[in-house]
Amino acid sequence: MKEILQKYEPVIGLEIHAQMKTKTKAFCRCSTEFNAPSNSNVCPVCLGHPGVLPVLNEELVNFILKMGLATNCKIKERSIFARKNYFYPDLSKGYQITQFETPICYGGYLDIELKDDTKRKIGITRIHMEEDAGKSIHDFSDDESLIDFNRCGVPLIEIVSEPDIRTIEEATTYLNKVKQLLVYLEINDGNMEEGSLRCDANISIRKKGEEKFGTRTEIKNLNSFRNVADALEAEFNRQYEVIESGDKVYYTTMTYDATLKKTSPLRSKEEAHDYRYFPEPDLVYVEVNENKLESIKNELPELPEEKKLRFKKDYLLPDYDINILVQDKELSNFYEQVTSNLATKNEKTFKTSSNIILSEVLRVLNDEKIDLKNLKLKPVNISELIGFVSRNEINNNTAKDVFNEMFTTGKNASEIIKEKNLIQVSDDNLIIEIINKIILENKSEADRYKSGESKLKGVLVGKIMKESKGKANPQKVNELLDKLIEN
Amino acid sequence: MIQNRNLNEIQKELNSGKLLLVDAVKYYLDKISSQKHLNVFISVFENDALTRAEEIQKKINSGTAGKLAGLVISVKDVITIKDKLHTCGSKILSNYTSVYNATVIERLISEDAIIIGKVNCDEFAMGSSNENSYFGAVLNPVDNSRVPGGSSGGSAVSVAADMCMVSLGSETGGSIRQPASFCGITGLKATYGRISRFGLTAFASSFDSIGIFGKNDYDIAAVLEVISGEDEYDSTSAKEKVPEFTVETGNNIKPGEIIFGYAKEYFEDGLNEEIKNGILKKIEFLKNKGFEVKEISLPHSKYVIQTYYILTSAEASSNLARYDGVRFGFKSENHSNLEEMYVNTRSEGFGAEVKRRIMLGTYVLSSGYYDAYYKKGQKMRRKITEDFENAFKEVDYIISPTTPTTAFKLGEKNDDPLAMYLNDIYTASVNLAAIPAISVPAGNDSNGLPFGIQIMGKKFDEAGLLKVSKLFI
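Going down the list, the sequences are from chains Y and S. Each residue of the first sequence is one higher than the one before, starting from 1 at the first, in the numbering used here. Each residue of the second sequence is one higher than the one before, starting from 1001 at the first, in the numbering used here.
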């Protein structure tokens, strides 16, 4: 790929479909609950029975306006719905209600930051409302398919980017940013694997330095970050080979096979759909006036960029910590709950809190494959633990051990520290006693350290700490060892 | 006994005990069973109607009955009634039972109307003769060799042949007014949005209206008053306040209060001479009574039929996509894969006229043709609407013939869809402009066949139309 990239560059645009967490469906009052028994969240409206009419869910309008404002979009005062006509068994009405000519949000952008700290602005062409189709189940038997209509009519928003994306890293970074905003706004659960967030990728390639875009293809239904990245790479390579062999790329809808790591056409040109869009006559204009927009603005929660600034100001954390914490809304909330319960609040305890979360909490979540919300340890338990560190009663290493003990046993930090007698020894006399003992027992190492072999200090400190069963205050050990060696 | 009495008179007799509701229902049931040859009803709710009659009689006796107690009504088989067969005159829904009540049905029931059955119609309300029904043609009661008009032919005949007092029909381009004209009764199409469409099987959503057939203005006013008004299940229903139509229509219109107009374009080629003279006589009659009647122009009238068929077929092609054999209704046994199931279900399930409109509609929405047909059609719809807006600056009501001919022979126009489509020439403009109109009996031709006069009004002026209609009776 690297060699090709010196000659060609990809031009990428993403279409992201996000299921909205509204309580009811887009055009009827059925529940949107995810795990309900098949065909239990259905009614004549979403099943497309004769005579039914759609009625727009106002909550959906509120949700999309939030996303529109968060992505710097302009908002259309009057937008309309359209019908996208095609036959498929899980599409109950034979058409999908969507927005076509006049999306409610348009002309926005997002700033993304890449690994090398460069920033890119990705334009957002439009964000519009539409309804999801049902789910076909084909693997039930050889000659029959089943359909679950629970999802039919569940509201989606489609976020369409400009073809501003030039690398795969930009594509996944942008996708991640969109996901992050959706989750922050509490309008989508950000779950690509369960299909509540789906991505179609448009890609064309052109010679470096060329102004004109090539012919694009569209890769449908990518359901993970990994697949987005891999499919784009596969399609980039495919288009490169097509062009290098003197052929032309034609507009095609592609599908990506993650096992073969290959893209292939979803349907031939003859089978290309003509969706016969036309304005949906059963719905009236969606009107958004100043008052409505103002009240949505007031409802907007704190978004990641603002939160980063506030974390820097309030917690004096390094950017590295902030980026990881804020990336995940739940994690940043967890952090704030830990710090709000701290007895002593200062730069040091804020940083210790961050350290514990970034190293210990994230590690157990990862090891145990659980979500933060399923973690039994509560923020207040961690605050208590950090209290011991900040009072110099235990050191950082002991804190890690105590954390693990807390996680496995569910006991409080104070219980564990008391039971195991882990309060750190800061009494000079006791520490001096141990140091003297270790110097006597390790005469040659002590002498070599004294004569300038500084790396031996670590060995000695280690032995002292071990002798103290880890309880000696390491800072004191360091100071006193040097003093005693001098003498 | 009850023939030719309006609801007000019947309610007086019911209240005084001179008439029992169950006898009224039996009267209509007898009429239905003795005139089966007219092929009007697809379902008759004999037991339901008799049971309801008993229940409502008790309410009448205790003085707690609803506004429509005493009213016996039939319903075109495109409007849903819970747990009842709902065929839309089509094979594709011939085995389908609705699972919910249309809003109009809910409102009728809650005011104690008795629904006596569901009546025949052209398949999915597409047609002008009621010959396009999977359940066979309906016959005109005046002359059984002739059509009753369509698509609400069953509704018109059920009222004309005294099988019920009023009937709910629907229209997209004249399907109430034209059969009312052919059968010699009154038919009202309300302003688009006045009556909720929830439960009305869609043909062309931006045109479809539920309307009412009756023999007098009072019955129509009484039903209109109950079924009109905003509905949370229909976003396109109008918020407009609903007047007390029964009270309003009690007042008479006097010369000097209103100005009539007639559009010269509606009296040109193609109009039967006898009807033309009949309507011109009505104009003279109005003038003699002292009303001002002005000639006006609706300059885009010659584009009405084309515009109407392009736009309604486009919407129909999409509205009828849901009949695919997957979830309900007829499904062809003859298939071995998905595509065959679709093709055979729809080929076997739909009749010729419905297929014709689906194909036409699919074509005009296709990429490459959308701008030339659908978009242009929408522009023309705006022009036609503006014609009416301009005309209504000068006049309050526009009168015209309802149809260019009287009822034609069964089979006469079956091979000539274009001739059939011209039936809508005076009525479809009203649906394009979303205004209300009424057809009132205006006389008979030399064969004794009735024809109607059409009165078109401003949006939401149904009360005025009903008042004006009384001038012609």
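Hint data in this document are derived by calculation from the structure and do not stem from the laboratory. Ideal placement from N, C-alpha and C gives every residue a C-beta, glycine not left out. The reader is advised that the hints may include incorrect statements.
[Claimed, not checked] Have a look at the derived ranges for each label pair, beta carbon to beta carbon:
(1) Y:Asp247 <-> S:His1335: 37 to 43 Å
(2) S:Asn1047 <-> Y:His273: 45 to 51 Å
(3) Y:Tyr88 <-> S:Asn1047: 39 to 45 Å
[To be verified] Below are the BS3-like pairs computed for lysine-lysine, each with C-alpha atoms no more than 27 Å apart in a straight line:
(4) Y:Lys84 <-> S:Lys1276
(5) S:Lys1264 <-> S:Lys1239
(6) S:Lys1091 <-> S:Lys1264
(7) Y:Lys220 <-> Y:Lys351
(8) S:Lys1264 <-> S:Lys1276
(9) Y:Lys463 <-> Y:Lys21
(10) S:Lys1276 <-> Y:Lys292
(11) S:Lys1331 <-> Y:Lys84
(12) Y:Lys376 <-> Y:Lys443
(13) S:Lys1302 <-> Y:Lys84
(14) Y:Lys135 <-> S:Lys1331
(15) Y:Lys248 <-> Y:Lys121
(16) Y:Lys345 <-> Y:Lys21
(17) S:Lys1355 <-> S:Lys1409
(18) S:Lys1459 <-> S:Lys1376
(19) Y:Lys345 <-> Y:Lys471
(20) S:Lys1287 <-> S:Lys1459
(21) Y:Lys119 <-> Y:Lys7
(22) S:Lys1302 <-> S:Lys1264
(23) Y:Lys84 <-> S:Lys1393
(24) S:Lys1289 <-> S:Lys1409
(25) S:Lys1289 <-> Y:Lys84
(26) Y:Lys74 <-> Y:Lys7
(27) Y:Lys292 <-> S:Lys1375
Against the structure, the hints come out as follows:
no. : hint                               : in the structure
1   : Y:Asp247 <-> S:His1335: 37 to 43 Å : holds (39 Å)
2   : S:Asn1047 <-> Y:His273: 45 to 51 Å : holds (49 Å)
3   : Y:Tyr88 <-> S:Asn1047: 39 to 45 Å  : holds (42 Å)
4   : Y:Lys84 <-> S:Lys1276              : violated (45 Å)
5   : S:Lys1264 <-> S:Lys1239            : violated (34 Å)
6   : S:Lys1091 <-> S:Lys1264            : violated (42 Å)
7   : Y:Lys220 <-> Y:Lys351              : violated (44 Å)
8   : S:Lys1264 <-> S:Lys1276            : holds (12 Å)
9   : Y:Lys463 <-> Y:Lys21               : violated (57 Å)
10  : S:Lys1276 <-> Y:Lys292             : violated (55 Å)
11  : S:Lys1331 <-> Y:Lys84              : holds (24 Å)
12  : Y:Lys376 <-> Y:Lys443              : violated (49 Å)
13  : S:Lys1302 <-> Y:Lys84              : violated (32 Å)
14  : Y:Lys135 <-> S:Lys1331             : holds (21 Å)
15  : Y:Lys248 <-> Y:Lys121              : violated (30 Å)
16  : Y:Lys345 <-> Y:Lys21               : violated (37 Å)
17  : S:Lys1355 <-> S:Lys1409            : holds (24 Å)
18  : S:Lys1459 <-> S:Lys1376            : holds (24 Å)
19  : Y:Lys345 <-> Y:Lys471              : holds (24 Å)
20  : S:Lys1287 <-> S:Lys1459            : holds (25 Å)
21  : Y:Lys119 <-> Y:Lys7                : holds (23 Å)
22  : S:Lys1302 <-> S:Lys1264            : holds (12 Å)
23  : Y:Lys84 <-> S:Lys1393              : violated (39 Å)
24  : S:Lys1289 <-> S:Lys1409            : violated (37 Å)
25  : S:Lys1289 <-> Y:Lys84              : violated (55 Å)
26  : Y:Lys74 <-> Y:Lys7                 : violated (37 Å)
27  : Y:Lys292 <-> S:Lys1375             : violated (32 Å)
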